[in-house]
Each structure stands twice: as structure tokens, then as C-alpha cells.
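**Student:** Construct the complete structure from the given sequences, taking the supplied hints into account.
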Amino acid sequence: MLTPGDEESLLLDIKEGIQYALYLGKQEGRFSEGEIHLDTIRLNKLQYIVNEDRNLGLTFGWFKYGPAPEDVTTDTGVALGPRPGDDIAYLDESRLPSKDHLSTEAFAYYFLRELDDEFDRIVTAEETKVYLVDFYDEYAPKDEYAARFTDLYTASARLQQTLDAIGGGENWHQNSTEFYYELDKKFVSVSEEIAKLDVLEHTLEPLEEYRTLLTSIISEADAADELSSGQQAFINNAVRKFYNTVWDFVGQEISLETMRGENVDELRPEVEANAEKYRDGSWKAELKSLGERRESVGLEPEIEDMEKLESGGNGEDDEQSLDGETISRVSEMGAEVITD
Numbered sequence: 001m002l003t004p005g006d007e008e009s010l011l012l013d014i015k016e017g018i019q020y021a022l023y024l025g026k027q028e029g030r031f032s033e034g035e036i037h038l039d040t041i042r043l044n045k046l047q048y049i050v051n052e053d054r055n056l057g058l059t060f061g062w063f064k065y066g067p068a069p070e071d072v073t074t075d076t077g078v079a080l081g082p083r084p085g086d087d088i089a090y091l092d093e094s095r096l097p098s099k100d101h102l103s104t105e106a107f108a109y110y111f112l113r114e115l116d117d118e119f120d121r122i123v124t125a126e127e128t129k130v131y132l133v134d135f136y137d138e139y140a141p142k143d144e145y146a147a148r149f150t151d152l153y154t155a156s157a158r159l160q161q162t163l164d165a166i167g168g169g170e171n172w173h174q175n176s177t178e179f180y181y182e183l184d185k186k187f188v189s190v191s192e193e194i195a196k197l198d199v200l201e202h203t204l205e206p207l208e209e210y211r212t213l214l215t216s217i218i219s220e221a222d223a224a225d226e227l228s229s230g231q232q233a234f235i236n237n238a239v240r241k242f243y244n245t246v247w248d249f250v251g252q253e254i255s256l257e258t259m260r261g262e263n264v265d266e267l268r269p270e271v272e273a274n275a276e277k278y279r280d281g282s283w284k285a286e287l288k289s290l291g292e293r294r295e296s297v298g299l300e301p302e303i304e305d306m307e308k309l310e311s312g313g314n315g316e317d318d319e320q321s322l323d324g325e326t327i328s329r330v331s332e333m334g335a336e337v338i339t340d
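Per this note's numbering, the sequence shown starts with residue 1, numbered consecutively.
FYI, nobody ran anything at the bench for these hints, they're computed from the structure.
Cβ atoms here follow ideal geometry from the backbone N, Cα and C, with glycine treated the same way.
Be careful, since some hints might not be right.
What the hints assert, rightly or not - Capping the alpha-carbon separation at 30 Å, the derived lysine-lysine pairs in BS3-like fashion look like this: (1) K196 / K64; (2) K15 / K26; (3) K185 / K142; (4) K288 / K196; (5) K241 / K277; (6) K277 / K129; (7) K26 / K129; (8) K284 / K129; (9) K241 / K196; (10) K185 / K288.
As the list claims (entries may be wrong) - Cβ-Cβ distance ranges computed for the label pairs, FRET-style: (11) Y90 / G298: 13 to 21 Å; (12) V264 / T177: 13 to 21 Å; (13) D92 / Y145: 32 to 40 Å; (14) Y90 / E266: 39 to 47 Å; (15) S189 / S229: 26 to 34 Å; (16) G230 / Y90: 42 to 50 Å.
**Tutor:** In C-alpha cells form, the structure reads like this:
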């Protein structure tokens, strides 16, 4: 049985194996260093893939961006570039003294030779959130506990592409009307998926309140000729509320439903504490604070618009729909900005 400390050592072997695989792949001419776009999310996916393929026994829960090993949410300082073997202390042996575990070098060759082209695709994909849609389609587990969340994770990844484009700079404002409609449309897809899952029913209220608030802010930004740096900074912060509050709540609940492995008992208490914090309404203070600060940057709605928000919106607006050609044009515009 792997202890939590054993899992930490195994994860480090895998990470260094990926670093060495990046170095060897560069040497073989499979990709250049400039083409490598590996981040902690895709590192997590590679850890998940090898864990499933080799039955390594790592403890996993589906959290935020999909399956996460026990330590991934706090491990943000890991170097993700190519690393030569001379710089790796345990290159030809495992940190776990057992013949059953692969060495760092063996992990590197697993990724290069067995995962092969898929490894290259993962580490060189320019857009992480675009890659996630393919990942969920290919690797989402089929067991009854995790498979029911696959469509939700896919819908969320598509929403995150638009959120990241809006939160990533001022270029989006040139097509702000299109982004407004695309954002609202993708929020609807996420809400619909959550509504299908009884265990997540209580997370729908914060998602809908956030959606109303964020789309209202984007609507006010759309009306402005241009955005100041302070207004864009506020919008960036508003987008981050999705990740660190609204989707975090959903992710913690999903993790409680799907975590598995030898050290679940070690992982569960912290996740339960985080979920309980949100159930008790901590998200309300976060959204209230965001709503109160919008006036300071000139993105508050007019009085009549505020009354519509408080009464649940404009019924006529709710009945509006975009024709297929417009939706296609909106999505293409969003994709162009996202991939710039």
C-alpha cells in the first residue's frame, strides 16, 4: 500500500520523467523548446493518464480541471521545462525501493514511446482549455461515479475558453457584444448540466447569481467606447471569481463524489471542509463584494437596469435567441481572440 509520502515520491518521479522526456523529445527533433506549452493542468493530465494505464495506485479526485492527484492543487512551483538527465538525481531508479515502480527514466520513455504522438500533442497544445475538451472525450473514466460529470466538465472547459479571453486583456472589447452573447450561451450549457445532477443542485444558485452579475458587468463594458486599465483589472478579478469561488464549489463537491485510491481518508477531510464553507454561504460575500466594487470603476448598471437584475431580468430578453449564422460567427470570433 502506498502511504501519502509514497505518493508524493511517485508524483515527483513522474514529473521528472516528463521533464526528461521533454529534453529527449527536443533532442530527437520532435518539438522545439519554443513549442512546449506544458502547464500544471496538462502535467496533471499526464499524471492521470499514466496512473490509469499502469495502475500506479495514486489517489485521485475530479477537481476543478478534471482528475487531480492528491498534491496537485498546491504544487504550483514545479519546473515544467526540459531537463537533462545529468540534472536529475534519481534518473535510473525509483524513489520507492521496489521493482514494481518505474524509474524516472522509465517514465520518460513511457511518455515518449508508449504515449508517443499523444504526449507531443499534450505538451505542445497552445490552448490548455481547448485541449481539455479533447481530454475529457478521450480519457474521462467510464465508472458510474465519474462518468456522469464528463458532460459538465466539457461544458465548463468551453465556458472557460471565453472567460479566459475576456480576462486575458483588452482585445476582447473590440468584439464585446459577440463575447457577451457567447458568454451567456456557454453559461446556459453549464447550468443545464449541473441541473441534471442531484448531488450538485445546491451549486446552481451561486452559478446563476455569478452569471447574472458577470454578464451585467460585461454588458456595461460593452457600452463603453474603450476600457481603462482599472476597468480591465476589475473584469479580470471578476473572471477569477469563477475559478476561485463558483467553480471551486462545484469542483469540491464533485471531488467528494469521485475521489478514489489508497489514501482517500487522508484527502477527504480538507475537501469536506472546503465544500462545507461554500454550503454555509461563503460565496455570497464574495459575489456581494464584487457587486459593490463595480461602481468604483464605472461599470455599474443604470437604476432601471438594476431593477431588472433584482427582479430576475427582462422577460423579453430571456426569449431572445440568436440565429445559427450569428451563433457561428460569434463562436468563430471568440475562437480567434482566444487563440491569438
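**Student:** Take the hints in turn and mark each one as holding or not.
**Tutor:** Hints versus structure:
1. Straight-line distance between C-alpha atoms of K196 and K64 comes to about 18 Å, which keeps the hinted pair within the 30 Å bound.
2. Between K15 and K26, the direct Cα distance comes to roughly 17 Å. Compliance with the 30 Å bound is thereby established for this hinted pair.
3. Restraint check for K185 and K142: satisfied, since their Cα atoms lie roughly 28 Å apart, inside the 30 Å limit.
4. Proposed proximity of K288 and K196 is supported: the alpha carbons are some 27 Å apart, at most 30 Å.
5. At most 30 Å may separate the alpha-carbon atoms for a hinted pair to count; K241 and K277 meet this at roughly 16 Å.
6. Annotation: proposed proximity of K277 to K129 holds, straight-line Cα distance about 28 Å (limit 30 Å).
7. Under the criterion of a C-alpha separation no larger than 30 Å, the hint pairing K26 with K129 is consistent with the structure, at around 24 Å.
8. About 27 Å separates the Cα atoms of K284 and K129, which keeps this hinted pair within 30 Å; it holds.
9. This hinted pair checks out: K241 and K196 have alpha carbons roughly 24 Å apart, not beyond 30 Å.
10. For a cut-off of 30 Å, the pair hint linking K185 to K288 stands: about 24 Å separates their Cα positions.
11. Here the CB-CB span from Y90 to G298 is close to 56 Å, at odds with the stated 13 to 21 Å.
12. Distance hint check: the CB atoms of V264 and T177 are about 47 Å apart, inconsistent with the given range 13 to 21 Å.
13. Against the hinted window of 32 to 40 Å, the Cβ-Cβ separation of D92 and Y145 comes to about 38 Å, which satisfies the hint.
14. Between Y90 and E266 the beta carbon distance is about 24 Å. The supplied range of 39 to 47 Å is therefore violated.
15. Distance hint check: the CB atoms of S189 and S229 are about 32 Å apart, consistent with the given range 26 to 34 Å.
16. At about 49 Å, the CB distance of G230 to Y90 agrees with the hint of 42 to 50 Å.
Violation of the numbered hints given earlier is confined to hints 11, 12 and 14; the remaining hints are satisfied by the structure.
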